[in-house]
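Number of protein chains: 2
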Amino acid sequence: MAQKKVFLGEEFLPKQWYNLNADFPTPMPPPLNPATGQPPDDSFVEHMGNIFPMNLVEQEMTGERWVDIPEEVLGIYKIWRPSPLYRADGLEKMLDAPVKIYFKNEGVSPPGSHKPNTAVPQAYYNKVFGINRITTETGAGQWGSALSFACQLFDIECHVYMVKVSFQQKPYRRLMMMTWGADCVASPTDTTEAGRKVLAENPDSPGSLGIAISEAVEMALARDDTRYSLGSVLNHVMLHQTVIGQEAKLQMDALGEYPDVVIGCAGGGSNFAGLAFPFIADKIAGKEVQVIAAEPTSCPTMTKGPYAYDFGDNNHMTPLLPMHTLGHNFVPAPIHAGGLRYHGMAPMVSHAVTQGLVEPQAFDQIATFNAGVSFARTEGFIPAPETNHAIAAVIAAAEQAKQEGKEKTILFNWSGHGLVDLAAYDAFLSGNLTRYELPQEEIERALEAIKDLPKIG
Amino acid sequence: MAQKKVFLGEEFLPKQWYNLNADFPTPMPPPLNPATGQPPDDSFVEHMGNIFPMNLVEQEMTGERWVDIPEEVLGIYKIWRPSPLYRADGLEKMLDAPVKIYFKNEGVSPPGSHKPNTAVPQAYYNKVFGINRITTETGAGQWGSALSFACQLFDIECHVYMVKVSFQQKPYRRLMMMTWGADCVASPTDTTEAGRKVLAENPDSPGSLGIAISEAVEMALARDDTRYSLGSVLNHVMLHQTVIGQEAKLQMDALGEYPDVVIGCAGGGSNFAGLAFPFIADKIAGKEVQVIAAEPTSCPTMTKGPYAYDFGDNNHMTPLLPMHTLGHNFVPAPIHAGGLRYHGMAPMVSHAVTQGLVEPQAFDQIATFNAGVSFARTEGFIPAPETNHAIAAVIAAAEQAKQEGKEKTILFNWSGHGLVDLAAYDAFLSGNLTRYELPQEEIERALEAIKDLPKIG
Numbered sequence: 000m001a002q003k004k005v006f007l008g009e010e011f012l013p014k015q016w017y018n019l020n021a022d023f024p025t026p027m028p029p030p031l032n033p034a035t036g037q038p039p040d041d042s043f044v045e046h047m048g049n050i051f052p053m054n055l056v057e058q059e060m061t062g063e064r065w066v067d068i069p070e071e072v073l074g075i076y077k078i079w080r081p082s083p084l085y086r087a088d089g090l091e092k093m094l095d096a097p098v099k100i101y102f103k104n105e106g107v108s109p110p111g112s113h114k115p116n117t118a119v120p121q122a123y124y125n126k127v128f129g130i131n132r133i134t135t136e137t138g139a140g141q142w143g144s145a146l147s148f149a150c151q152l153f154d155i156e157c158h159v160y161m162v163k164v165s166f167q168q169k170p171y172r173r174l175m176m177m178t179w180g181a182d183c184v185a186s187p188t189d190t191t192e193a194g195r196k197v198l199a200e201n202p203d204s205p206g207s208l209g210i211a212i213s214e215a216v217e218m219a220l221a222r223d224d225t226r227y228s229l230g231s232v233l234n235h236v237m238l239h240q241t242v243i244g245q246e247a248k249l250q251m252d253a254l255g256e257y258p259d260v261v262i263g264c265a266g267g268g269s270n271f272a273g274l275a276f277p278f279i280a281d282k283i284a285g286k287e288v289q290v291i292a293a294e295p296t297s298c299p300t301m302t303k304g305p306y307a308y309d310f311g312d313n314n315h316m317t318p319l320l321p322m323h324t325l326g327h328n329f330v331p332a333p334i335h336a337g338g339l340r341y342h343g344m345a346p347m348v349s350h351a352v353t354q355g356l357v358e359p360q361a362f363d364q365i366a367t368f369n370a371g372v373s374f375a376r377t378e379g380f381i382p383a384p385e386t387n388h389a390i391a392a393v394i395a396a397a398e399q400a401k402q403e404g405k406e407k408t409i410l411f412n413w414s415g416h417g418l419v420d421l422a423a424y425d426a427f428l429s430g431n432l433t434r435y436e437l438p439q440e441e442i443e444r445a446l447e448a449i450k451d452l453p454k455i456g
Numbered sequence: 000m001a002q003k004k005v006f007l008g009e010e011f012l013p014k015q016w017y018n019l020n021a022d023f024p025t026p027m028p029p030p031l032n033p034a035t036g037q038p039p040d041d042s043f044v045e046h047m048g049n050i051f052p053m054n055l056v057e058q059e060m061t062g063e064r065w066v067d068i069p070e071e072v073l074g075i076y077k078i079w080r081p082s083p084l085y086r087a088d089g090l091e092k093m094l095d096a097p098v099k100i101y102f103k104n105e106g107v108s109p110p111g112s113h114k115p116n117t118a119v120p121q122a123y124y125n126k127v128f129g130i131n132r133i134t135t136e137t138g139a140g141q142w143g144s145a146l147s148f149a150c151q152l153f154d155i156e157c158h159v160y161m162v163k164v165s166f167q168q169k170p171y172r173r174l175m176m177m178t179w180g181a182d183c184v185a186s187p188t189d190t191t192e193a194g195r196k197v198l199a200e201n202p203d204s205p206g207s208l209g210i211a212i213s214e215a216v217e218m219a220l221a222r223d224d225t226r227y228s229l230g231s232v233l234n235h236v237m238l239h240q241t242v243i244g245q246e247a248k249l250q251m252d253a254l255g256e257y258p259d260v261v262i263g264c265a266g267g268g269s270n271f272a273g274l275a276f277p278f279i280a281d282k283i284a285g286k287e288v289q290v291i292a293a294e295p296t297s298c299p300t301m302t303k304g305p306y307a308y309d310f311g312d313n314n315h316m317t318p319l320l321p322m323h324t325l326g327h328n329f330v331p332a333p334i335h336a337g338g339l340r341y342h343g344m345a346p347m348v349s350h351a352v353t354q355g356l357v358e359p360q361a362f363d364q365i366a367t368f369n370a371g372v373s374f375a376r377t378e379g380f381i382p383a384p385e386t387n388h389a390i391a392a393v394i395a396a397a398e399q400a401k402q403e404g405k406e407k408t409i410l411f412n413w414s415g416h417g418l419v420d421l422a423a424y425d426a427f428l429s430g431n432l433t434r435y436e437l438p439q440e441e442i443e444r445a446l447e448a449i450k451d452l453p454k455i456g
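As they're listed, the protein sequences go chains A and B. The numbers in numbering that gives the first Met the number 0 rise by one with no breaks, and the one at position 277 of the first sequence is 276. The numbers in numbering that gives the first Met the number 0 rise by one with no breaks, and the one at position 354 of the second sequence is 353.
Only chain A is shown next, with the shape it has when bound in the complex (with noise of 0.2 Å):
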């Protein structure tokens, strides 16, 4: 009988992230501090202590190629870790294509998705430094929940602003955050001045990443005991998940497999980064590997956005970093895949996809459930709506390599399970799913607010 997993023993847990920025060929273009358009001096970099513990803003900075795993953080890795690797026989079959196709199954992490990776460790690094709340944002919830569930092991205090669509098309994840001991608020709220902005112009605003951030980096910068915490974009956040990808080259060693294709879906980018950075580095090395970041065509960072300096939330709190955006103001359509509202993408995978490293590929909300639907059939598994893009993409390759007539192996990123996201199941399977397009005057319009930023290069 066919191997249907594979599983590693808690000894093969990595003991160190990949940090893919020593790898690069040409090296990427740094952060610029807003008020003087230049690279971080030591003020700017101060500043940023107050937004991140400073352990934290060092290791952002870092050009290691490996960093130690604290033992703390591998004693609570090993919760959920090292996850299974799974053969999709069922889906093969469904296809009738010439693929072997695998995935990492980040589902099984108590909050049920790939985020607890770096949750932990930012806790960590926070409890660390001596700090006793955190604030952040989330979106679909997936980070609001992993961080949650990371703040209450370390027994830190955690404030969540969540978009509002998804806290009110998901209430489950808020649950969760209750049940993990957090406050669970929607965003945009009229407790900062962001929020209040916000509401000001449009009391119905159904909030964004960008806006829920800038609520966060606010009520951070407000107190000596708090710091902010973001659960993608940033690099330490990219280095985090490269346990996901070394764990699945181990994996994939064990059955004599090599993947042709790494995909994974892409908001802000750290699923995707998990997987695929431990694979770009034997691409820059020379191996032969496609890596495909798939993202929705009602939030087509990569695949319209320009790459340009651009802030990371609505509020321009952040620093000016470089990456593929649609302007920091663009609110993306309520699809159900709300980790995947992000105007920007990280700029480590930016800066993969200009070096050619990565190819984007877009997909529309229904296309994705689609996908989802028929991997829940034929796996058993029941993705969630970001993951859907995922197996949107793979299932694309499947039929290339059909047309093609060649045999491929597929490997991607099983990012996180739906079982709370099941009212877009529902809207789904009764027809009810908006199939939204997005206007290039729509795209230009949103990227008038970059056009006087300074521009990369």
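Don't take every hint at face value.
As the list claims (entries may be wrong) - Quick list of in silico lysine-lysine cross-link-like pairs, DSSO-like style, CA-CA up to 27 Å: (1) 3(A) - 3(B); (2) 401(B) - 3(A); (3) 4(B) - 454(B); (4) 99(B) - 407(B); (5) 248(A) - 3(B); (6) 14(B) - 3(A); (7) 99(A) - 77(B).
Bear in mind the hints are in silico, worked out from the structure with no lab data behind them.
Once you have looked at the hints, place chain B on chain A.
Chain B only, in chain A's frame:
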């Protein structure tokens, strides 16, 4: 660093199910034909063959100690089995008692509970027998979703009667069933005689497992290509679940451990039996091990109900089963642990109780959610409301060990996660959970229903 969990490779999947009926010191009383008051004769077996496929009827009656697991079933078990065994060191630390606590995590299956352990073989045996449509009932929805998952993989139609109170409280489990292609309706319905009878007496009936069983059996009998499937209570269900305990023994063994106390929650009895029966075999053979079955005070079948012949359903369609029962018309309070709202207890579990092999304990809803939140905040995973009963018993056993000043090793069945039961946690955390008492006179009134039935022995 201490080991957190034990995974077993797929090669360690049990190849046979264990049948405790081969080892009981005193044999179980037989079921009775309600029409004759006698043990089943040929015509009665034939009648049962109209409800269940005959291959499962034969398995129900087998006295063999070991029953081979078909290859096709093993192939699907591998999607989530062997399930991991965890050390609950976070909970241990909180309890500060001289105990080691281990749990078997059955929440890793696609539907999130132990139920597919029997749903998959039942769907398989139906398929082999040429059945292409299965009806069933479900309480909290764990069984209905598990059977939907299994039927989808074997390309069988699945029709689920869901107890109305759970249908309303747990929309997400219904959506899981839909996603796996099943039909799910709120019971009582007006589409069956059984349902109409209940609605005529009480149009606002919250439903019960007994009523839903009657509806599903009636619909199975109405069509030749259709059979009924039961997720608990019956012998073959207990059999299928024993993969849990067999794996747990291997995993405890790998750690050099053997439990002093084995604990499971019990509604119909299947997850409890699955973990406990392989250990009860050891107990019968002379090994010292305490086995505890945890039930709700609002449905205290084992702690308050007599051991007597009773119908498995509300409408007198099943054989008379020898079991601890509160009477087949008993409608339990609408607690959130919907899977524990059953008037009877599996004949095999009931018999083990009467033989002194199992010690039943009852816990009220508030105590169980207290236990569940403690677990979620120390171990990360959020348990199902049913599972919270087992955790309440674990905490009680740890407190007893502390009082006795004895070191103990506790093993319990973490029968499923609570990610789609979060509304119940919301009610608990906001102080809106009801503590149901069950007055003795209400029990006596319910037991009127069985006073004219044949007696055991």
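Checklist line | Contradicted hints - numbers only | finding: Checked against the structure, the hints that fail are numbers 2 and 3, while the rest are satisfied.
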